[in-house]
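Visitor: Residue numbers (the UniProt record's numbering), protein chains in the order written: chain A, 1 to 83; chain B, 1 to 259.
There could be a bad hint or two in this list.
[Said to hold, decoys possible] In silico DSS-like cross-links for lysine-lysine, where the CA-CA straight-line distance does not exceed 27 Å: (1) Lys234(B) / Lys28(A); (2) Lys28(A) / Lys126(B); (3) Lys145(B) / Lys58(A); (4) Lys112(B) / Lys65(A); (5) Lys60(A) / Lys145(B); (6) Lys145(B) / Lys53(A); (7) Lys52(B) / Lys126(B); (8) Lys79(A) / Lys65(A); (9) Lys65(A) / Lys4(A); (10) Lys52(B) / Lys65(A); (11) Lys203(B) / Lys234(B); (12) Lys234(B) / Lys60(A).
[As the list claims (entries may be wrong)] With the Cβ distance kept under 10 Å, some of the chain A side facing chain B (calculated, not the full set): (13) Leu19; (14) Phe20; (15) Asp23; (16) Asp38; (17) Asp40; (18) Ser41; (19) Ile42; (20) Asp43; (21) Ala44; (22) Val45; (23) Asp46; (24) Pro61.
[Stated by the list, open to error] Every beta carbon over 10 Å from chain A, so not counted as near; a handful from chain B, in silico: (25) Val23; (26) Leu39; (27) Gly41; (28) Arg46; (29) Phe148; (30) Arg162; (31) Val194.
If you're looking for bench data, these hints aren't it; they were derived computationally from the structure. Heads up, the beta-carbon is just placed ideally off N, CA and C, and yes, glycines get one too.
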Amino acid sequence: MMNKQEDTFQQVVALFEELFELDPARVKPDSNLYNDLDIDSIDAVDLVVELRKMTGIKIKPEDFKSVRTVNDIVEQVDKLTAE
Amino acid sequence: MLAKITFAWRWFATAFSFFIFGVGGIIVPLIVVPILYILPGSQLQREARGQKFIHLAFATFIKLMRFLGVLTYEIHGAKELRNAKLVLANHPTLLDVVFLIALIPNANCVVKGALTRNPFMRGAIKAAGYTINSGAASDVLIEAKEVFDKGQIMIVFPEGTRTVPGQSHLLKRGAANIAIRAGVDITPVIITCVPISLTKQDKWYNIPSSPMHFNISALPVIKVHDFQSSNDIKNARLLTDYLTKYFNAEVAVNDSVTK
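Hey, can you work out the whole structure from these sequences and the hints?
Guide: And the structure:
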């Protein structure tokens, strides 16, 4: 289970680098998306679209309403792929 | 002695102006909004009439303030403003949006969600169908495209709030995203107010030593096409960086000219 979480984290970091040109060294599990990584609500919508492509699962924007940190995304993705 | 009298006059004239704005903001929509709904026509026509009405009301208010000696102003590029699609302006004072709407008959402003709870403002916002930013810029983006389709001119303060005097301008990415994703050119507007007053920190009753002089200048259009080389996410970041430098440079030039 831990490995899966680590995998997903790495995928998210890679996605952040590709989409937002964020240095992977800056992205930590507890990084706040808005305050630490300068990701706004428009980016978040784009991110959900990309995550949908990456995981192949149908993600609803509501699933990401409560997401605040990178780890929240990882958990949410793992939860949705497990379903 | 005379100086004291003119200062006192200007203080009362300022107080009177705010009183008029406040009373007008509450009373006028109570009369105008029902009339807008009674008049025959589509939702779009109602919105257009509401915008035109607010435009005329704000233009009258600005003229009243000038007549009373509260302020003076100069406008550059009024024609360009009327032909604009997306107007982006710096935001030093409380009156910036009043000036811009007074200059644009079909203006649709992006307003902070909090203003819809402001009793003096919400009537005008409802009558004109302005775009409400409740925190989700992605929703504003969807509405912005409709606003351009309707042929209205969108006014955005890309900093999201009034600038703190002396601090550099920090732009959010919402405005650039609107330009990039709706594919509309930007008409930049530089607003200055000397002596500076009615900022985020100022109380209205702390009036400046001399009447405020506003300069509202529309500058040449920034072509969005020049920023559409990559994907939307990167383009919006590039354009935001460009606009941040642009506004900081233009406002600095204006400051040094007026000092």
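Visitor: Hint by hint, note whether the structure agrees.
Guide: Here is how each hint holds up against the structure:
| no. | hint | result |
| --- | --- | --- |
| 1 | Lys234(B) / Lys28(A) | holds (22 Å) |
| 2 | Lys28(A) / Lys126(B) | violated (43 Å) |
| 3 | Lys145(B) / Lys58(A) | holds (26 Å) |
| 4 | Lys112(B) / Lys65(A) | holds (20 Å) |
| 5 | Lys60(A) / Lys145(B) | holds (23 Å) |
| 6 | Lys145(B) / Lys53(A) | holds (25 Å) |
| 7 | Lys52(B) / Lys126(B) | holds (13 Å) |
| 8 | Lys79(A) / Lys65(A) | holds (15 Å) |
| 9 | Lys65(A) / Lys4(A) | holds (23 Å) |
| 10 | Lys52(B) / Lys65(A) | violated (37 Å) |
| 11 | Lys203(B) / Lys234(B) | violated (40 Å) |
| 12 | Lys234(B) / Lys60(A) | holds (24 Å) |
| 13 | Leu19 | holds (6 Å) |
| 14 | Phe20 | holds (7 Å) |
| 15 | Asp23 | violated (14 Å) |
| 16 | Asp38 | holds (9 Å) |
| 17 | Asp40 | holds (6 Å) |
| 18 | Ser41 | holds (5 Å) |
| 19 | Ile42 | holds (5 Å) |
| 20 | Asp43 | holds (7 Å) |
| 21 | Ala44 | holds (7 Å) |
| 22 | Val45 | holds (4 Å) |
| 23 | Asp46 | holds (6 Å) |
| 24 | Pro61 | holds (9 Å) |
| 25 | Val23 | holds (37 Å) |
| 26 | Leu39 | holds (37 Å) |
| 27 | Gly41 | holds (34 Å) |
| 28 | Arg46 | holds (30 Å) |
| 29 | Phe148 | holds (17 Å) |
| 30 | Arg162 | holds (20 Å) |
| 31 | Val194 | holds (34 Å) |
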